[in-house]
Amino acid sequence: DGSPVIKLRQARAPSAEQVLASYREHVQTGSPNKILRAKIADFLKSTYQARPGDPEFITGDLESIADYYARYPAISDLIDELREHKIVLNYQQDTWQAQAWGNQYAVDSVSIRFDTRLGAQLVNAPGCENNPACGISPADALLHELLHAKLMLVDNQHFLEKNGMGQNFYPFEHEYEVIEAENQLYSAMNEQDGLMRPMRHRHSGTLMQVSCPACAPGQKMTSAEF
Numbered sequence: 647d648g649s650p651v652i653k654l655r656q657a658r659a660p661s662a663e664q665v666l667a668s669y670r671e672h673v674q675t676g677s678p679n680k681i682l683r684a685k686i687a688d689f690l691k692s693t694y695q696a697r698p699g700d701p702e703f704i705t706g707d708l709e710s711i712a713d714y715y716a717r718y719p720a721i722s723d724l725i726d727e728l729r730e731h732k733i734v735l736n737y738q739q740d741t742w743q744a745q746a747w748g749n750q751y752a753v754d755s756v757s758i759r760f761d762t763r764l765g766a767q768l769v770n771a772p773g774c775e776n777n778p779a780c781g782i783s784p785a786d787a788l789l790h791e792l793l794h795a796k797l798m799l800v801d802n803q804h805f806l807e808k809n810g811m812g813q814n815f816y817p818f819e820h821e822y823e824v825i826e827a828e829n830q831l832y833s834a835m836n837e838q839d840g841l842m843r844p845m846r847h848r849h850s851g852t853l854m855q856v857s858c859p860a861c862a863p864g865q866k867m868t869s870a871e872f
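The sequence shown begins at 647 in this note's numbering and counts up one residue at a time.
Do not take every clue at face value.
Between beta-carbon pairs, the in silico distance windows are [to be verified]:
{"id": "1", "residue 1": "ARG729", "residue 2": "ALA834", "range": "11 to 21 Å"}
{"id": "2", "residue 1": "ASN809", "residue 2": "GLY699", "range": "33 to 43 Å"}
{"id": "3", "residue 1": "GLN750", "residue 2": "GLU702", "range": "39 to 49 Å"}
{"id": "4", "residue 1": "GLY812", "residue 2": "SER857", "range": "37 to 47 Å"}
{"id": "5", "residue 1": "THR705", "residue 2": "GLN743", "range": "19 to 29 Å"}
{"id": "6", "residue 1": "GLN745", "residue 2": "SER857", "range": "24 to 34 Å"}
{"id": "7", "residue 1": "SER857", "residue 2": "LYS808", "range": "13 to 23 Å"}
{"id": "8", "residue 1": "GLY812", "residue 2": "ASN679", "range": "39 to 49 Å"}
{"id": "9", "residue 1": "GLY699", "residue 2": "LYS732", "range": "21 to 31 Å"}
{"id": "10", "residue 1": "PHE818", "residue 2": "PHE703", "range": "17 to 27 Å"}
{"id": "11", "residue 1": "GLY748", "residue 2": "GLU727", "range": "25 to 35 Å"}
{"id": "12", "residue 1": "GLY840", "residue 2": "TYR816", "range": "29 to 39 Å"}
Dumping the calculated BS3-like pairs for lysine-lysine here, alpha-carbon to alpha-carbon at most 30 Å [said to hold, decoys possible]:
{"id": "13", "residue 1": "LYS680", "residue 2": "LYS808"}
{"id": "14", "residue 1": "LYS796", "residue 2": "LYS808"}
{"id": "15", "residue 1": "LYS732", "residue 2": "LYS685"}
The set of hints was computed from the structure by calculation and includes no laboratory data. Using N, Cα and C, we set each Cβ at its ideal position, and we do this for glycine too.
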């Protein structure tokens, strides 16, 4: 019908300058919980399965993502739910994808292919070019995949009932459930830090290389700001 499939919560996107100013204000006035940060870093590094040829910066990027995640209780709660389940993180350039392993009756594990320098532009609208309010960072993209893992491993009854493990079958209902959970999580994060991560209704967008794991497309930060 020509209507946009992804919408911001407001009619006009804020400028990139407004978003970055908001980010700096909230990051500089807050600091991650050191205990949570250590637990999250341990989870990320223990699930990451390094392979020959992986970039040297991956471990450092996972540490940076742990710094970022530790500011948000909702993310800490998500990771706590996943901690006792088998999840493997594999680096693959220009890729974000979660895959469940098991059979039609049970999911044994989930593998996530990830790229800590690949964000996504989710909104195409006036004022969105190089504007982090219209996209998400690799750290936020990883949350989407971790939500896949939760609905595959933890709250997985619906996933299995809808033949989520069927061969040659794409679980559309599962994807919509992940996006709904993503919107709820991003909304809680937006309320906490004042940023404007986009809410979306479908699995769509454009993958884009970024300069740091917490940078949205068009956004650059120094290590002092992160």
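Taking the hints in turn, this is what the structure says about them:
| no. | hint | result |
| --- | --- | --- |
| 1 | ARG729 / ALA834: 11 to 21 Å | holds (20 Å) |
| 2 | ASN809 / GLY699: 33 to 43 Å | holds (35 Å) |
| 3 | GLN750 / GLU702: 39 to 49 Å | holds (40 Å) |
| 4 | GLY812 / SER857: 37 to 47 Å | holds (39 Å) |
| 5 | THR705 / GLN743: 19 to 29 Å | holds (21 Å) |
| 6 | GLN745 / SER857: 24 to 34 Å | holds (28 Å) |
| 7 | SER857 / LYS808: 13 to 23 Å | violated (39 Å) |
| 8 | GLY812 / ASN679: 39 to 49 Å | holds (41 Å) |
| 9 | GLY699 / LYS732: 21 to 31 Å | holds (24 Å) |
| 10 | PHE818 / PHE703: 17 to 27 Å | violated (35 Å) |
| 11 | GLY748 / GLU727: 25 to 35 Å | violated (18 Å) |
| 12 | GLY840 / TYR816: 29 to 39 Å | holds (36 Å) |
| 13 | LYS680 / LYS808 | violated (40 Å) |
| 14 | LYS796 / LYS808 | holds (16 Å) |
| 15 | LYS732 / LYS685 | holds (16 Å) |
The structure shown violates the earlier hints numbered 7, 10, 11 and 13.
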